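Residues per chain are reported as follows:
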Amino acid sequence: MVDTYFTRLPRNDVTSKFNPTALALANNGWIWNADPLRNFALLPSKAYLRREVIVWGDCVKLRYGAGPQDNPWLWEYMQNYVVGLARTFDGFRIDNCHSTPLHVGVAFLDAARVVNPNLYICAELFTGNENMDIHFVSRLGINSLIREAYNGHDPKEFSRLLYRFGVDRSVGKISKFCAYCEGLRLAQVPCMEIV
Amino acid sequence: MTSIEELPPPTGKGPVRSCIISPLRGSSPHALFFDLTHDNESPLHKRSAEDALSTGALIAFSGSAIGSTKGFDDLYPKLLDLVGEKRLYEVLGIDETQGIGKAKRILNHLHTQMVLEGYAEGYVHQENDVRLMILLLPR
Chain A
1087 MVDTYFTRLP RNDVTSKFNP TALALANNGW IWNADPLRNF ALLPSKAYLR REVIVWGDCV
1147 KLRYGAGPQD NPWLWEYMQN YVVGLARTFD GFRIDNCHST PLHVGVAFLD AARVVNPNLY
1207 ICAELFTGNE NMDIHFVSRL GINSLIREAY NGHDPKEFSR LLYRFGVDRS VGKISKFCAY
1267 CEGLRLAQVP CMEIV
Chain B
2 MTSIEELPPP TGKGPVRSCI ISPLRGSSPH ALFFDLTHDN ESPLHKRSAE DALSTGALIA
62 FSGSAIGSTK GFDDLYPKLL DLVGEKRLYE VLGIDETQGI GKAKRILNHL HTQMVLEGYA
122 EGYVHQENDV RLMILLLPR
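Residue numbers (the numbering used here), protein chains in the order written: chain A, 1087 to 1281; chain B, 2 to 140.
Just so you know, these hints were derived from the structure itself, not from any lab.
Just so you know, not all the hints are guaranteed correct.
Below, in silico cross-link-like pairs of lysine-lysine (DSS-like), each with a Cα-Cα straight-line distance of 27 Å or less [unchecked claim]:
hint: 1; chain 1: B; residue 1: K47; chain 2: B; residue 2: K14
hint: 2; chain 1: A; residue 1: K1242; chain 2: B; residue 2: K47
hint: 3; chain 1: B; residue 1: K47; chain 2: B; residue 2: K79
hint: 4; chain 1: B; residue 1: K87; chain 2: A; residue 2: K1147
hint: 5; chain 1: A; residue 1: K1147; chain 2: A; residue 2: K1103
hint: 6; chain 1: B; residue 1: K103; chain 2: B; residue 2: K47
hint: 7; chain 1: A; residue 1: K1132; chain 2: A; residue 2: K1147
hint: 8; chain 1: A; residue 1: K1242; chain 2: B; residue 2: K87
hint: 9; chain 1: B; residue 1: K87; chain 2: B; residue 2: K71
Restraint ranges, calculated between C-beta atoms of paired labels, are given here [to be verified]:
hint: 10; chain 1: A; residue 1: L1111; chain 2: B; residue 2: Q114; range: 35 to 45 Å
hint: 11; chain 1: B; residue 1: H46; chain 2: A; residue 2: R1246; range: 17 to 27 Å
hint: 12; chain 1: A; residue 1: D1156; chain 2: B; residue 2: L89; range: 51 to 61 Å
hint: 13; chain 1: B; residue 1: K14; chain 2: A; residue 2: N1157; range: 40 to 50 Å
hint: 14; chain 1: B; residue 1: H31; chain 2: A; residue 2: D1121; range: 36 to 46 Å
hint: 15; chain 1: B; residue 1: L89; chain 2: A; residue 2: I1117; range: 34 to 44 Å
hint: 16; chain 1: B; residue 1: H110; chain 2: A; residue 2: A1127; range: 40 to 50 Å
hint: 17; chain 1: B; residue 1: D130; chain 2: A; residue 2: R1094; range: 48 to 58 Å
hint: 18; chain 1: A; residue 1: L1129; chain 2: B; residue 2: E91; range: 48 to 58 Å
hint: 19; chain 1: A; residue 1: Y1091; chain 2: B; residue 2: Y120; range: 49 to 59 Å
hint: 20; chain 1: A; residue 1: L1128; chain 2: B; residue 2: Q114; range: 52 to 62 Å
hint: 21; chain 1: B; residue 1: Y90; chain 2: A; residue 2: R1246; range: 40 to 50 Å
hint: 22; chain 1: B; residue 1: V84; chain 2: A; residue 2: R1246; range: 29 to 39 Å
All of these numbers come straight from a predicted model, not from anything done at the bench.
By construction, the Cβ of each residue, glycine as well, lies at the ideal position given by its N, Cα and C atoms.
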């Protein structure tokens, strides 16, 4: 009837020594108008209590805290995992990048680049505004942001996407270099042609 | 744009020096532009199956990194559930005429060839439901 918010680990020999409440793991998901710099699983957010979270049943939230001191085993385990991937592959695609805590992403990508300095990072990033996007791109060192052509719901919107992401230099554009030459009167030949 | 400013002497003594200040404008993050991702509905549902090749062609000439999926090239008509799917891919050869993969390969090679020969400027023209992208040689 309603989506379950928790994945409950089965009680067996391995898990029975833990407090039963610790066996209920919060599923990850997303909320509308999220602030990507805040963790909605922690106070003061009440997103889980209010059932605002649109949950994914196949993954759970991990408690990274403020740093490795809050969960040393997890940080070491995940860093080894990321570094192993960085040794094996040429690049990463970060899924749902806006929901990874920035300090976690920065630490693990820095570690990845130690073993693979040319690691190519692309990311699926929906922070909701360009300035926040740029903040994530510059802190994490993302090489490319994933853009989708089929997000253009009509021809005009698709043209807009093509211009924004697909046209590096547009026809007839005055380049800054040309204007600079013109300003110093170094060249008398026109730098731009309107076709 | 540019402005002429005066720099104070670096040591604190001596004449001011005239210089030209050209403000650096920011740039937007580099794009990895997909024609279709694993999250998008198939072209058959969104628009039409024929639309796939024209969309793929426009992306092939995009001045950015590009991406695609095997389902798009094979013109697979459904959005797959990646989490639950158990079937394996059917592997097609390069010369197979199924789907638009062969056409896209030619378009990608054409784009590469044009860029190496100096074509650098793009233009998107849109009229009613049709879009065209033109690459031109800069002078």
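So, going through the hints one by one against the coordinates:
1. K47(B) / K14(B): Violated, at roughly 69 Å.
2. K1242(A) / K47(B): 15 Å, holds
3. K47(B) / K79(B): With a Cα-Cα distance of about 11 Å, the restraint between K47(B) and K79(B) holds, given a limit of 27 Å.
4. K87(B) / K1147(A): It holds: about 26 Å lies between the C-alpha atoms, which stays within 27 Å.
5. K1147(A) / K1103(A): It holds: about 21 Å lies between the C-alpha atoms, which stays within 27 Å.
6. K103(B) / K47(B): 23 Å, holds
7. K1132(A) / K1147(A): 15 Å, holds
8. K1242(A) / K87(B): Given that 27 Å is the threshold and the Cα spacing comes to 38 Å, the pair is violated.
9. K87(B) / K71(B): Distance ~16 Å between K87(B) and K71(B) Cα, so the pair holds.
10. L1111(A) / Q114(B): 35 to 45 Å: 53 Å, violated
11. H46(B) / R1246(A): 17 to 27 Å: 22 Å, holds
12. D1156(A) / L89(B): 51 to 61 Å: 42 Å, violated
13. K14(B) / N1157(A): 40 to 50 Å: 57 Å, violated
14. H31(B) / D1121(A): 36 to 46 Å: 25 Å, violated
15. L89(B) / I1117(A): 34 to 44 Å: 36 Å, holds
16. H110(B) / A1127(A): 40 to 50 Å: Holds, since H110(B) and A1127(A) (Cβ atoms, about 48 Å apart) stay within the stated range.
17. D130(B) / R1094(A): 48 to 58 Å: Once the Cβ atoms are compared, 51 Å apart, the range 48 to 58 Å for R1094(A) and D130(B) holds.
18. L1129(A) / E91(B): 48 to 58 Å: About 50 Å separates the Cβ atoms of L1129(A) and E91(B), which means 48 to 58 Å holds.
19. Y1091(A) / Y120(B): 49 to 59 Å: Hint holds: Cβ distance 54 Å, inside 49 to 59 Å.
20. L1128(A) / Q114(B): 52 to 62 Å: 54 Å, holds
21. Y90(B) / R1246(A): 40 to 50 Å: 34 Å, violated
22. V84(B) / R1246(A): 29 to 39 Å: 32 Å, holds
When the structure is compared with the earlier hints, violations turn up for hints 1, 8, 10, 12, 13, 14, 21 and for no others.
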